[in-house]
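Just so you know, the sequences run in chain order A and B. Numbering-wise (numbering that gives the first Met the number 0), the first sequence opens with residue 0 and increments by one. Numbering-wise (numbering that gives the first Met the number 0), the second sequence opens with residue 0 and increments by one.
Hints are computed from structural coordinates only; laboratory data are not their basis. Where hints are given, some of them may not hold.
[Stated by the list, open to error] Not everything, but these chain A residues come out facing chain B in the computed CB check (under 7 Å):
#1 Asp54
#2 Ala77
#3 Arg189
[Claimed, not checked] Derived lysine to any residue pairs resembling SDA-like cross-links, with alpha carbons at most 20 Å apart:
#4 Lys6(B) <-> Cys62(A)
#5 Lys6(B) <-> Phe22(B)
#6 Lys6(B) <-> Gln324(B)
#7 Lys6(B) <-> Arg74(A)
#8 Lys6(B) <-> Ser24(A)
#9 Lys231(B) <-> Leu91(B)
#10 Lys231(B) <-> Val85(B)
#11 Lys6(B) <-> Arg82(A)
#12 Lys6(B) <-> Glu174(A)
Each residue gets a CB set at the ideal place from its N, CA and C atoms; glycine is no exception.
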Amino acid sequence: MIEVRGLSKSYAGPGAPLMVLRDLSFSLGEGEFLSLMGSSGAGKSTLLNVLGCLDTATQGSYCLAGTEVSGLSPRELAQVRNRDIGFVFQSSHFVDYLDLADNVALPGTYGDSDNGAADRERAVGLLDSVGLGERQDHRPSMLSGGERQRAAIARALFNNPGLLLADEPTGNLDEDNVHNVLAIFRRLNREGLAILMVTHDPQVAAQAGRQARLDDGVLIDA
Amino acid sequence: MPDAMIKRLQADLLNATRLWRTFRSQALLSALGVVVGVAGLVILIAVGGGAKRELEAALGSLGAGAVLIRSDADATGTRPVEQRFVDRALTLLGPQIEASARVQSTTVHATTAQGETGDFRRLATEGSYREIFRLRLYAGRFITAHDIREAQRVCVLTWEAARRLFPNGQVLGQQLRIDGDWHTVVGWLQPSGSQLPELNALNLADINLRIYTPLQVRTVVTRTPLDEVVLKFRSEARMSSAIELLQRMLAHNEESAELIIPIELLRQQQATQSMFQLFLLAVAGLMLVVGGVGIMNTMILNVVSRRPEIGLRIAVGATQRDIVQQFVCEALVLAAAAGAAGILVGYVVVALIGWGTDWSMAFDASAAVLGFTVAVTVGGVFGGYPALLAASVSPIESLRRAA
Ligand SMILES: Nc1ncnc2c1ncn2[C@@H]1O[C@H](COP(=O)(O)OP(=O)(O)OP(=O)(O)O)[C@@H](O)[C@H]1O
Ligand SMILES: [Mg+2]
Chain A
0 MIEVRGLSKS YAGPGAPLMV LRDLSFSLGE GEFLSLMGSS GAGKSTLLNV LGCLDTATQG
60 SYCLAGTEVS GLSPRELAQV RNRDIGFVFQ SSHFVDYLDL ADNVALPGTY GDSDNGAADR
120 ERAVGLLDSV GLGERQDHRP SMLSGGERQR AAIARALFNN PGLLLADEPT GNLDEDNVHN
180 VLAIFRRLNR EGLAILMVTH DPQVAAQAGR QARLDDGVLI DA
Chain B
0 MPDAMIKRLQ ADLLNATRLW RTFRSQALLS ALGVVVGVAG LVILIAVGGG AKRELEAALG
60 SLGAGAVLIR SDADATGTRP VEQRFVDRAL TLLGPQIEAS ARVQSTTVHA TTAQGETGDF
120 RRLATEGSYR EIFRLRLYAG RFITAHDIRE AQRVCVLTWE AARRLFPNGQ VLGQQLRIDG
180 DWHTVVGWLQ PSGSQLPELN ALNLADINLR IYTPLQVRTV VTRTPLDEVV LKFRSEARMS
240 SAIELLQRML AHNEESAELI IPIELLRQQQ ATQSMFQLFL LAVAGLMLVV GGVGIMNTMI
300 LNVVSRRPEI GLRIAVGATQ RDIVQQFVCE ALVLAAAAGA AGILVGYVVV ALIGWGTDWS
360 MAFDASAAVL GFTVAVTVGG VFGGYPALLA ASVSPIESLR RAA
């Protein structure tokens, strides 16, 4: 699914450039569930942004599902984000003037699907699968933190991506909700979805099939 | 247009309506300027169009190539125009003149056999008067040369005068006593349009309450003087030299008569009116600019407060172009709604003006089309910059934990 070779990312600063990712190489197979730990500032979010095509690497190659991403145009990158990748962030944002189902269907707006009603139906189905079917008409701001994360997962799955990138998805949640989210992740992973999940919690990390650490800009399997 | 584009546009329009429905009061306040501006534009067009139409109707019957020689009513002891003078003028200008009509005008008291009574303007004139002013007969006939020659006691009534004097509708053949003499009603004119106060100088203001009788050619001793002579020129182009000649003749003869040139009145009237319209247009334009800035201000605030939304949209596959299009659409929808509201407000005000005053209003669909177009243009122009601002939002920064 993911094939990274010699990836570097640095930020230009007032002084010397800040090297965040240093000659990083790793791969993630189809349907693999990898959890990534690492101290704060290690570059985990930076890596996820690059893998998610929101940011570009300074150096190195990144192959996503057989496509070299570094050569793609902004338009093609947007298409990759839309079709091949699902995002879940620590605190998920929603469009508050749209109801929950329309929020979940948001990736459909930028995709190829052309039927608003069918999009909404699919969104409601996804909400059902994360236990939020009843809340389709609600404003996102009405939801609790745990519900928001589940809704965010439903949204990430809308275009049926092969890869889910989750940046501390359980960071703001209590124990029960952490459990709920992880249960959903494991189910999705069993269904064939590749997941890369950043977390600070060793117990959460332990739920993944494969665990790794990012230290000093280098990724090491634990 | 490809299907994908239509689909995106539909999605953006739907999105914009949902946005503004959620932020109703914000939308209302920021669009107020455009509402007022468009309403002003619609009112301006309706009022201007109405006045123009009325003026054209008033002068249209007379035509541009007409000149009135009128005895100076301001002078003490009005000195009428001598017929000799008119004869000389007609001889001099002969080939250029298409038609002329002499008029003696007085205010008279009229009474019917049934006892109906009233004060009217009596115009003793000749048949050509009807052609020059394009008066249309409802029934009967107008004054003829025979009437004048034989000094017939006949009269022709305007629509309104006949309605007042003969409310039962029996008009033709009835007897009417005008200043002591009985006349037979031989003609009844069709109603004519209303008149503008500006046209009082043309003596058209009382056009609705008139009685026409045959021109009095001579009294026992001298030829009866005239109060007014209407000359209609064949061509408007060569009028100015003829007018100069007439003016010289009037000065030379020390006639206390004035020349009234309707086309000049029209020009003056239009000049003042277009000044007024220009002023209103400037005010409406200013309002629209202020309205546009209001929309821009709201959109910029929107972009700032909706950065996480923008980041999210980019993360799920929006391109910068998609973001620009979305925010332009939002501004356009807001401006279009404001335009529609402005048109509505404008028409309501126009209706109220028309109801409260006797101004003629032109309910013109082109005003609505123009108002809407202007509103949407304002939305596009002032929504462009905020949209570009929105597209420059960095998804990474806007999606950070702290955001
Ligand atoms: N746009 C930027 N410009 C400069 N430095 C940046 C920028 N973005 C991130 N950094 C720096 O890069 C480093 C890595 O940041 P990143 O957010 O990837 O860390 P992280 O591993 O996700 O940390 P945490 O666990 O706290 O979320 C940090 O030192 C951060 O200050
Ligand atoms: Mg981070």
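Worksheet item: Which of the listed hints are broken here?
Response: The structure breaks hints 3, 4, 5, 8 and 12; every other hint is satisfied.
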